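Chain order of the listed sequences is A and B. Residues are numbered in the working numbering as their position in the first sequence, beginning at 1, plus a constant of 628. Residues are numbered in the working numbering as their position in the second sequence, beginning at 1, plus a constant of 2.
Keep in mind that the hints were calculated from the coordinates and are not lab data. The model shown is predicted, which means the values in this text are computed figures rather than measured ones. We put the CB at the ideal spot given by N, CA and C, even for glycine. Incorrect hints may appear among the rest.
Part of the chain B face toward chain A, derived, beta carbon under 8 Å [stated by the list, open to error]:
#, residue
1, Lys12
2, Lys19
3, Ala89
Cut-off 27 Å, straight-line C-alpha distance, at most; resulting in silico cross-link-like pairs (DSS-like, lysine-lysine) [said to hold, decoys possible]:
#, chain 1, residue 1, chain 2, residue 2
4, A, Lys733, B, Lys19
5, A, Lys742, B, Lys15
6, B, Lys152, B, Lys19
7, A, Lys733, B, Lys81
8, B, Lys229, B, Lys152
9, B, Lys152, B, Lys15
10, A, Lys743, B, Lys182
11, A, Lys750, B, Lys182
12, B, Lys19, A, Lys750
13, B, Lys92, A, Lys767
14, B, Lys81, A, Lys767
15, B, Lys229, B, Lys92
16, B, Lys152, B, Lys227
17, B, Lys81, A, Lys750
18, B, Lys81, B, Lys15
19, B, Lys183, B, Lys128
20, A, Lys733, A, Lys812
21, B, Lys19, B, Lys92
22, B, Lys81, A, Lys742
23, A, Lys743, A, Lys812
24, A, Lys828, A, Lys750
25, B, Lys43, A, Lys743
26, B, Lys92, B, Lys152
27, B, Lys81, B, Lys182
28, B, Lys206, B, Lys183
29, B, Lys92, B, Lys15
30, B, Lys128, A, Lys733
31, A, Lys812, A, Lys828
32, B, Lys206, B, Lys182
33, A, Lys750, B, Lys15
34, A, Lys828, A, Lys767
35, A, Lys767, A, Lys733
36, B, Lys15, A, Lys743
37, B, Lys128, B, Lys43
38, B, Lys206, B, Lys128
39, A, Lys742, B, Lys19
The primary structure of each chain is shown beneath.
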Amino acid sequence: MIRMDNVVKRFGEQTVLSGVSFAVGEGEIFGLLGPSGAGKTTIINILTNQLDADGGSHSIGAGPLQTGLMLDEDGLYTRLSCLDNLNVFAGVYGIPRSLSVQALKNVGLEDAAKKPVRTLSKGMRQRLALARAVLHRPKVLFLDEPTGGLDPATARGIHSLILRLRDGGATVFLTTHNMDEAYKLCDSVALLHRGVIVEKGSPAEICTRHGAFKTTPDLEAVFIKLTGVELE
Amino acid sequence: MRSIRAIYVKQAKDMFKNIPVLVQFIIYPVMALIFTVLVAKPDETIADTMFVSMFSSIFAGMALIFSASGAIAEDRESKSLRFLVMAGVKPHEYLLGVGGVLFTAGSVVSVVFALMGGYAGAGFAKFLGFMLLSCLSSILLGATIGIASKNQQAATALGTPAAMILGFGPMITMFNDTAKKIFSVFYTQQLNIAVSDAHAGVIKPLGVILANIAVLAALFALAYKRKGLRG
Numbered sequence: 629m630i631r632m633d634n635v636v637k638r639f640g641e642q643t644v645l646s647g648v649s650f651a652v653g654e655g656e657i658f659g660l661l662g663p664s665g666a667g668k669t670t671i672i673n674i675l676t677n678q679l680d681a682d683g684g685s686h687s688i689g690a691g692p693l694q695t696g697l698m699l700d701e702d703g704l705y706t707r708l709s710c711l712d713n714l715n716v717f718a719g720v721y722g723i724p725r726s727l728s729v730q731a732l733k734n735v736g737l738e739d740a741a742k743k744p745v746r747t748l749s750k751g752m753r754q755r756l757a758l759a760r761a762v763l764h765r766p767k768v769l770f771l772d773e774p775t776g777g778l779d780p781a782t783a784r785g786i787h788s789l790i791l792r793l794r795d796g797g798a799t800v801f802l803t804t805h806n807m808d809e810a811y812k813l814c815d816s817v818a819l820l821h822r823g824v825i826v827e828k829g830s831p832a833e834i835c836t837r838h839g840a841f842k843t844t845p846d847l848e849a850v851f852i853k854l855t856g857v858e859l860e
Numbered sequence: 003m004r005s006i007r008a009i010y011v012k013q014a015k016d017m018f019k020n021i022p023v024l025v026q027f028i029i030y031p032v033m034a035l036i037f038t039v040l041v042a043k044p045d046e047t048i049a050d051t052m053f054v055s056m057f058s059s060i061f062a063g064m065a066l067i068f069s070a071s072g073a074i075a076e077d078r079e080s081k082s083l084r085f086l087v088m089a090g091v092k093p094h095e096y097l098l099g100v101g102g103v104l105f106t107a108g109s110v111v112s113v114v115f116a117l118m119g120g121y122a123g124a125g126f127a128k129f130l131g132f133m134l135l136s137c138l139s140s141i142l143l144g145a146t147i148g149i150a151s152k153n154q155q156a157a158t159a160l161g162t163p164a165a166m167i168l169g170f171g172p173m174i175t176m177f178n179d180t181a182k183k184i185f186s187v188f189y190t191q192q193l194n195i196a197v198s199d200a201h202a203g204v205i206k207p208l209g210v211i212l213a214n215i216a217v218l219a220a221l222f223a224l225a226y227k228r229k230g231l232r233g
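With the hints as constraints, model all of the structure from the sequences given.
This is the structure:
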């Protein structure tokens, strides 16, 4: 569904992607992992034709109207309400406005439908951005750091949404530097370091290959157990 | 067409919630009304329409440049434009949607000015025609500035001198003949000439304004070709 072959990208003298190749199957959650500055967002920008590559080829098995996008900058209209934000895109896609209401329900924002975006918390804005990305039920979804800077409960809510989307048949391409998130969510991952893919495969395969298993305390689970805070 | 409609509705709702922009569409008619009632009406040596024609020229020159450049620069800076483009919105659809709202708002304010000035019949049509052409010119200039600017701060920096020259130019020409000659090439000065004198000819002002529109359309095309509309 998504493919990159030997893609190269330079910004001036600096090479930010050096021969990046990977393939993502239909209905799969694919995680591109790496630290800030590794080139993750550049890859999304190239795949979504917002940026031209300097070499190699890439393709998505879906047209622009079958693609959903959630970036680190949410691009929401801050003076408009949540519902109005979605209705702009419902109008552009030519889909019924009732789907905007449904999308807000899906991300747990139905009570905030009439609130201006500028009054929302960061987590609520992230959920609204996700609702906009999936409003038209895209076949391919790009999510750039979808849970970056969010509290555990909101992040977990977004995880369950992503899994539901995958179960609904969507192919999900996400970037993250949160390894736990990638392990829990992704069917396959690629590890990106300084513009080079250093490893790829399923999270379990990669860990097995590198003998990287450990037991770690799960503070997130404790927090949710103690506070009972869940998105839904 | 549906994208233009969606963006038009978005822009209209956004404008009504954007107080600084809304104020620009209200302040000039209010100022004209105050000056007409307090200064022009009691003084027989001042034409009743003097402040209407002056403030309508200032409005056409300033409010629409600031609002057009600000709207586009804001959408670029906040990256919302990127999501529209990704959703398949074509640049001309976006610009028609945003420009359409500003043109509608400019038309409504122009009608208010015309009623305030007591224009009727052919005078009303002449005033409105010149105002609408001037509004179109300012929207084109504002859109060019918005496209050429990386963010709202840059748009303000570029838009302020342009709006000052075009908005206050007609007022300066009342006191200086050299300024009158220089500013006569600008559409706001021709607007001021056409609407302040009911008997003034329309051919020259119309020709100059249409030439301004042609130059501004070329500038807009150039800016669009160089910068595009990617957020």
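Structure-based check of all given hints:
1. At a threshold of 8 Å, the smallest CB-CB gap from Lys12/B to chain A is about 4 Å, leaving the interface hint in force.
2. For Lys19/B, the suggested interface contact is upheld, since its CB lies about 4 Å from the closest CB of chain A, less than 8 Å.
3. Against a cut-off of 8 Å between C-beta atoms, the interface hint on Ala89/B holds, since the closest Cβ of chain A lies about 5 Å away.
4. With a C-alpha separation of about 25 Å, the suggested pair Lys733/A and Lys19/B falls inside the 27 Å cut-off, and the hint holds.
5. Taking the CA atoms of Lys742/A and Lys15/B, the gap is near 13 Å; set against the 27 Å cutoff, the hint holds.
6. Distance check on the hinted pair: Lys152/B and Lys19/B sit about 23 Å apart at the alpha-carbon level, within 27 Å; holds.
7. Restraint check for Lys733/A and Lys81/B: satisfied, since their Cα atoms lie roughly 25 Å apart, inside the 27 Å limit.
8. Our distance criterion of 27 Å between C-alpha atoms is met by Lys229/B and Lys152/B, whose separation comes to about 10 Å.
9. With a C-alpha separation of about 24 Å, the suggested pairing of Lys152/B with Lys15/B holds against the 27 Å cut-off.
10. The hinted pair formed by Lys743/A and Lys182/B fails the criterion: a straight-line CA distance of about 51 Å is larger than 27 Å.
11. Taken as a hint, the Lys750/A and Lys182/B pair is broken in the structure, with Cα atoms around 54 Å apart against an allowance of 27 Å.
12. The suggested pairing of Lys19/B with Lys750/A holds, with an alpha-carbon distance near 21 Å, which does not exceed 27 Å.
13. A C-alpha spacing of about 22 Å is found between Lys92/B and Lys767/A, which places the hinted pair at or below 27 Å, so the restraint holds.
14. Pair hint Lys81/B plus Lys767/A holds up; C-alpha atoms about 23 Å apart against a cutoff of 27 Å.
15. Pair hint Lys229/B plus Lys92/B holds up; C-alpha atoms about 15 Å apart against a cutoff of 27 Å.
16. Distance restraint check for Lys152/B and Lys227/B: the Cα-Cα separation of roughly 15 Å lies within the 27 Å cut-off, and the hinted pair is therefore satisfied.
17. Of the pairs offered as hints, the one joining Lys81/B and Lys750/A holds, with about 16 Å between alpha carbons and a cut-off of 27 Å not exceeded.
18. About 19 Å separates the Cα atoms of Lys81/B and Lys15/B, which keeps this hinted pair within 27 Å; it holds.
19. Simply put, Lys183/B and Lys128/B have alpha-carbon atoms about 23 Å apart, close enough for the 27 Å limit, and the pair holds.
20. Our distance criterion of 27 Å between C-alpha atoms is met by Lys733/A and Lys812/A, whose separation comes to about 24 Å.
21. Distance hint between Lys19/B and Lys92/B is fulfilled; the C-alpha atoms sit about 25 Å from each other, no more than 27 Å.
22. Distance check on the hinted pair: Lys81/B and Lys742/A sit about 22 Å apart at the alpha-carbon level, within 27 Å; holds.
23. About 33 Å separates the Cα atoms of Lys743/A and Lys812/A, which puts this hinted pair outside 27 Å; it is violated.
24. Of the pairs offered as hints, the one joining Lys828/A and Lys750/A is violated, with about 32 Å between alpha carbons and a cut-off of 27 Å exceeded.
25. Taking the CA atoms of Lys43/B and Lys743/A, the gap is about 47 Å. The hint is violated against a cut of 27 Å.
26. A hinted pair counts as satisfied when its Cα atoms are at most 27 Å apart, and Lys92/B with Lys152/B qualifies at roughly 20 Å.
27. Distance hint between Lys81/B and Lys182/B is unfulfilled; the C-alpha atoms sit about 42 Å from each other, more than 27 Å.
28. Of the supplied pair hints, the one linking Lys206/B and Lys183/B holds, its CA atoms being roughly 14 Å apart against a limit of 27 Å.
29. With a C-alpha separation of about 21 Å, the suggested pairing of Lys92/B with Lys15/B holds against the 27 Å cut-off.
30. Distance check on the hinted pair: Lys128/B and Lys733/A sit about 53 Å apart at the alpha-carbon level, beyond 27 Å; violated.
31. Between Lys812/A and Lys828/A the alpha-carbon distance is near 16 Å, which keeps this suggested pair within the 27 Å criterion.
32. Proposed proximity of Lys206/B and Lys182/B is supported: the alpha carbons are some 15 Å apart, at most 27 Å.
33. For the hint pairing Lys750/A with Lys15/B, the CA-to-CA distance comes to about 23 Å; that is within 27 Å, so the pair holds.
34. Distance check on the hinted pair: Lys828/A and Lys767/A sit about 23 Å apart at the alpha-carbon level, within 27 Å; holds.
35. Taken as a hint, the Lys767/A and Lys733/A pair is honoured in the structure, with Cα atoms around 20 Å apart against an allowance of 27 Å.
36. Using a Cα cut-off of 27 Å, the hinted pair Lys15/B and Lys743/A holds, with the two alpha carbons roughly 14 Å apart.
37. Straight-line distance between C-alpha atoms of Lys128/B and Lys43/B comes to about 23 Å, which keeps the hinted pair within the 27 Å bound.
38. At most 27 Å may separate the alpha-carbon atoms for a hinted pair to count; Lys206/B and Lys128/B meet this at roughly 14 Å.
39. Pair hint Lys742/A plus Lys19/B holds up; C-alpha atoms about 13 Å apart against a cutoff of 27 Å.
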